Amino acid sequence: MVAEDAVFTEAKTPKAGDVQAGRSVPLSPTFWFSLAVLLLLPFQFGWSVGQLNLTTFNDEDECNARPLVDGTCLMFPGHSSTEWTLIVNAWIVGGMIGSLGCGVISERFGRKKVLLANAVVMLAGAVIQASTSSISVFMVGRIVAGIASGCATGMVGGYISEITPPSLRNSYGTFMQVSLSAGILVVTISFFFADTSSGWRYIAAFPVLNAGFFLAFAPFVLVESPAWLLEKGDREHAEREIARLYGFDFVPVALTWMEPGINTDLESEELCGEQHEGGTLSLLFSPLFIKQLLVALGVSAAQQLTGINAVCYYSSDIFSDAGMSDGRVGGVIVYVLMLLPTMAVARLSERFGNRRLLLTGLAGMFISATGITLALALSVEVLSIVFMGTFVAFFSASVGPLI
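Under the working numbering, the letters of the sequence shown match residues 1 to 403, in that order.
Zero decoy hints are in this set.
What follows is a set of in silico ranges between Cβ atoms, one per label pair, in the way DEER data are often shown:
1) Leu378 <-> Phe213: 39 to 49 Å
2) Gly323 <-> Phe109: 49 to 59 Å
3) Val382 <-> Glu350: 26 to 36 Å
4) Ala65 <-> Asp326: 16 to 26 Å
5) Ala117 <-> Ala301: 28 to 38 Å
6) Leu340 <-> Val295: 25 to 35 Å
7) Glu381 <-> Phe217: 39 to 49 Å
8) Val186 <-> Ala310: 17 to 27 Å
9) Val295 <-> Glu60: 34 to 44 Å
10) His237 <-> Phe217: 18 to 28 Å
11) Val295 <-> Val208: 39 to 49 Å
12) Ile97 <-> Leu215: 19 to 29 Å
Simulated from the structure, these hints should not be mistaken for laboratory data. Predicted, not measured: the structure shown is a model, and the values here were computed from it. The beta-carbon is built from N, C-alpha and C at its ideal position, and this holds for glycine as well.
Work out the full structure, taking the sequences as your base and the hints as a guide.
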């Protein structure tokens, strides 16, 4: 079967009957607790994205000055620009490892066990970063934290889809981006209190609390994915977990969308078998699916190529270069504008459709990026903040949560 090699159980477009049934299913406190605990993981992702985005941690002129002035270049005083670039981007390397490897492992051991193990990795990364006085060891900690963040990216969205009724998947799927954006905003606010020679250690250590809360509550409130259990043939355990999510009376209803299909899906697999012979990978690149594959790769690449990561990593430096006296203020404004549209994107998607939102968002980001370039070239402080804000707002209302 094609589905056997999937990282997550196939999220089929539900039939109208399934959607209507999903609307009538009540969500238990266990569902909400599972969701709340789960969202601690993308919050750590956002925290790690923004944790180094403070000018006093890395002002190139101040860090290159000899002798160093007290109260400047607060992180690893005297570090080079190359070293700083490496510790910023080490997190991305870890993210690649985590996102690529986590799905395969979760397919074998289950979502819950892997999410718990990922919290331990998150804790380890925070401890390494907060306790070291070596920039090389800090880089290792960033890689470890990146693994945890990458795993969260790969796991959380799929897990939410697997435990959520079909009618709510689109809206609840945006919760991950809301949590991520909140993490970036909160760490930016923390810069007002942690702008000291030891403050960066407290910032680096915060995910210890995040991971600690997850490890304390997740074993008791987080359910194993019923869809994964059904895929593995453990129907009895799956029904128990469904009952925890929706109540015993609604187990048969939930099974209509969670259980591997026996009608339409079999017909689809027979069609695939008739049109193509070979393994799953060769089927993916066959004429039957190549268009969908290219679209998926294209929109995923577009999300990264928009330049949103540069905003998250270097907005403080960008505002300083534009002549702003305190880049933290601009950062807070920008990240508030990142958070608010994300909270409304589900309703916008229902009204305008994903395609229109994506195209509008990309067009808005293009115009905003052009405005940022002109504002920086002309050193117009206010316009740099305005266009940076519209840039992240368009991202958060389209490309960010919808891909």
